[in-house]
Each structure stands twice: as structure tokens, then as C-alpha cells.
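Undergrad: Make a model of the complete structure from these sequences and hints.
Here's the letter readout for the chains.
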Amino acid sequence: DTGVSQDPRHKITKRGQNVTFRCDPISEHNRLYWYRQTLGQGPEFLTYFQNEAQLEKSRLLSDRFSAERPKGSFSTLEIQRTEQGDSAMYLCASSPRTDAPDTQYFGPGTRLTVL
Amino acid sequence: QKEVEQNSGPLSVPEGAIASLNCTYSDRVSQSFFWYRQYSGKSPELIMSIYSNGDKEDGRFTAQLNKASQYVSLLIRDSQPSDSATYLCAVRWATGGFKTIFGAGTRLFVKA
Chain A
1 DTGVSQDPRH
11 KITKRGQNVT
21 FRCDPISEHN
31 RLYWYRQTLG
41 QGPEFLTYFQ
51 NEAQLEKSRL
61 LSDRFSAERP
71 KGSFSTLEIQ
81 RTEQGDSAMY
91 LCASSPRTDA
101 PDTQYFGPGT
111 RLTVL
Chain B
1 QKEVEQNSGP
11 LSVPEGAIAS
21 LNCTYSDRVS
31 QSFFWYRQYS
41 GKSPELIMSI
51 YSNGDKEDGR
61 FTAQLNKASQ
71 YVSLLIRDSQ
81 PSDSATYLCA
91 VRWATGGFKT
101 IFGAGTRLFV
111 KA
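Taken in sequence, the protein lines are chains A and B. Using this note's numbering, the first residue of the first sequence is number 1, and each one after it goes up by one. Using this note's numbering, the first residue of the second sequence is number 1, and each one after it goes up by one.
Please keep in mind that the hints were generated in silico from the structure rather than gathered at the bench. Note that the Cβ used here is the ideal one computed from N, Cα and C, for glycine as well. Take these hints with a grain of salt, some might be off.
[Said to hold, decoys possible] In the DSSO-like style, the derived pairs of lysine-lysine whose C-alpha atoms are separated by at most 30 Å in a straight line are:
| no. | chain 1 | residue 1 | chain 2 | residue 2 |
| --- | --- | --- | --- | --- |
| 1 | A | Lys57 | A | Lys11 |
| 2 | A | Lys57 | B | Lys111 |
| 3 | B | Lys99 | A | Lys11 |
| 4 | B | Lys67 | B | Lys56 |
| 5 | B | Lys56 | B | Lys99 |
| 6 | B | Lys99 | B | Lys111 |
| 7 | A | Lys11 | A | Lys71 |
| 8 | A | Lys14 | A | Lys57 |
| 9 | A | Lys11 | B | Lys56 |
| 10 | B | Lys111 | B | Lys56 |
| 11 | A | Lys71 | B | Lys111 |
| 12 | A | Lys71 | A | Lys57 |
| 13 | A | Lys71 | B | Lys42 |
| 14 | A | Lys57 | B | Lys42 |
| 15 | B | Lys42 | B | Lys111 |
| 16 | B | Lys42 | A | Lys11 |
| 17 | A | Lys14 | B | Lys42 |
[Stated by the list, open to error] Covered stretches of chain B (in silico footprint by chain A; criterion: 3 or more residues with CB under 8 Å from a CB of chain A, positions within the stretch not fixed):
| no. | stretch |
| --- | --- |
| 18 | 56-68 |
| 19 | 72-85 |
[Stated by the list, open to error] Here are the in silico distance ranges between beta carbons for each label pair:
| no. | chain 1 | residue 1 | chain 2 | residue 2 | range |
| --- | --- | --- | --- | --- | --- |
| 20 | B | Lys67 | A | Thr76 | 32 to 40 Å |
| 21 | B | Gly59 | A | Gly3 | 30 to 38 Å |
| 22 | B | Ser40 | A | Lys57 | 23 to 31 Å |
| 23 | A | Ile26 | B | Pro10 | 39 to 47 Å |
| 24 | A | Ile26 | B | Ala17 | 31 to 39 Å |
TA: The structure is reproduced here in C-alpha cells:
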């Protein structure tokens, strides 16, 4: 499968615990995005990487959230001291660097449940 | 005011009919517009993108953009039960960096 992959697919944690999600983009794609989606809403932008550089971060993202893409390939999203309000689907998307506005290819998502 | 607004639906159409989905966006320097389809429990997949005023057709899908009126629409001709999904409108502004703003989506049901 050459699509975007995410791991784990499901995560159940207790409030206050830290969690980390991984995203592997399509191999030739240098742009990587993280989104959060809750029931009945569209994906909400969290952050964007071009290669290893984090170029944009949502103001809605609290300091409990951090993302990395150390070698410009896979990316991780960490949530510290999880809260029940963090329960959502976390989506990763990647796109190639072209001149045209990019087409984002989404992974299957990681569903987080905070108890 | 939300930046991208869609009627949440559900929109119900009979099989073979034309489904019309609408999206309005706030007045900013707009650049790119996208329609994504999302089946229940799945991730979004791109159907069409449109950048210029007018119509863009791809198979049974037609996207229409009117920047003066700040709306973008998606027409689905010959609707099939397999088209039943949530359709997400997304907008990227020229001054918005790389952030893409999604609407909440419109649920479409195509009745066989």
C-alpha cells in the first residue's frame, strides 16, 4: 500500500496520560499536514510541515500538542496531559510539492478516546 | 461568522437525480477551492478542485465557482446510492499560508 499510513488506528487512554501518533506520508510527498476531526465537523487544521520544517501551527493548538518531522519523512504528533476534549479523530495528509495548489491525500486517521 | 459554511443536511435525492451541494466562504483573498467526499468512518478523499470562476466538469461531477458571490457548489449528476456520504467544502486563501479550512460538511443520501 503506497498511501498515507497512520499508527495506531485507535487509542484509548486515561485523562492526564501522554499519547503519540505516527504518520507515514506517501514517499515522494514533502508536504505533511495534521488535522483533528470531531463528529459532525470538518477536519480542523493543526499544523503543516514542508520537509522537516514546521511552517505553520494553528493558534487553536495548545502547548500540550507538539509535532515533529525530524528527517522530513514520517511525522509524530504528541499530546501531553490528555483531556476528555482531546477525544477526536486525528488525520494526517500529505501532498507533493508542485506549482499547482496541492492535492492532499489523507491517511485513515487515529481515533483517540480519552476516558 | 464561520469562514466556510455548508448546510449540514441531510440532503436526500432519488437515484438518478442531480444532487446540488453548496458552500459559502468569508470575504478574503481566496485562492483554491476543494470538494472532498467522506464516507462514514473513513477519511476524506478529494473529488475536485477549482481555482477560477466558472464551471469545471469531471465525469458526473461539476464544480461551480462564483467569487463575486463567494460561493462554490458541487453538482452530482445521475446520483447513485454509492454517492451517499458527507461532502466537505474546503478553501485555501492566498494569504492564509498553507492552512486549508474545511466546512462542516453536507450529508447526502441517495435513495435507490
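Undergrad: Could you run down the list of hints and mark each one as holding or not?
TA: Verification of the hints:
no. : hint                            : verdict
1   : Lys57(A) x Lys11(A)             : 23 Å, holds
2   : Lys57(A) x Lys111(B)            : 41 Å, violated
3   : Lys99(B) x Lys11(A)             : 26 Å, holds
4   : Lys67(B) x Lys56(B)             : 14 Å, holds
5   : Lys56(B) x Lys99(B)             : 23 Å, holds
6   : Lys99(B) x Lys111(B)            : 36 Å, violated
7   : Lys11(A) x Lys71(A)             : 25 Å, holds
8   : Lys14(A) x Lys57(A)             : 26 Å, holds
9   : Lys11(A) x Lys56(B)             : 40 Å, violated
10  : Lys111(B) x Lys56(B)            : 26 Å, holds
11  : Lys71(A) x Lys111(B)            : 48 Å, violated
12  : Lys71(A) x Lys57(A)             : 19 Å, holds
13  : Lys71(A) x Lys42(B)             : 28 Å, holds
14  : Lys57(A) x Lys42(B)             : 25 Å, holds
15  : Lys42(B) x Lys111(B)            : 21 Å, holds
16  : Lys42(B) x Lys11(A)             : 16 Å, holds
17  : Lys14(A) x Lys42(B)             : 25 Å, holds
18  : 56-68                           : violated (count 0)
19  : 72-85                           : violated (count 0)
20  : Lys67(B) x Thr76(A): 32 to 40 Å : 38 Å, holds
21  : Gly59(B) x Gly3(A): 30 to 38 Å  : 22 Å, violated
22  : Ser40(B) x Lys57(A): 23 to 31 Å : 30 Å, holds
23  : Ile26(A) x Pro10(B): 39 to 47 Å : 33 Å, violated
24  : Ile26(A) x Ala17(B): 31 to 39 Å : 36 Å, holds
In this structure, the hints that do not hold are numbers 2, 6, 9, 11, 18, 19, 21, 23, in rising order.
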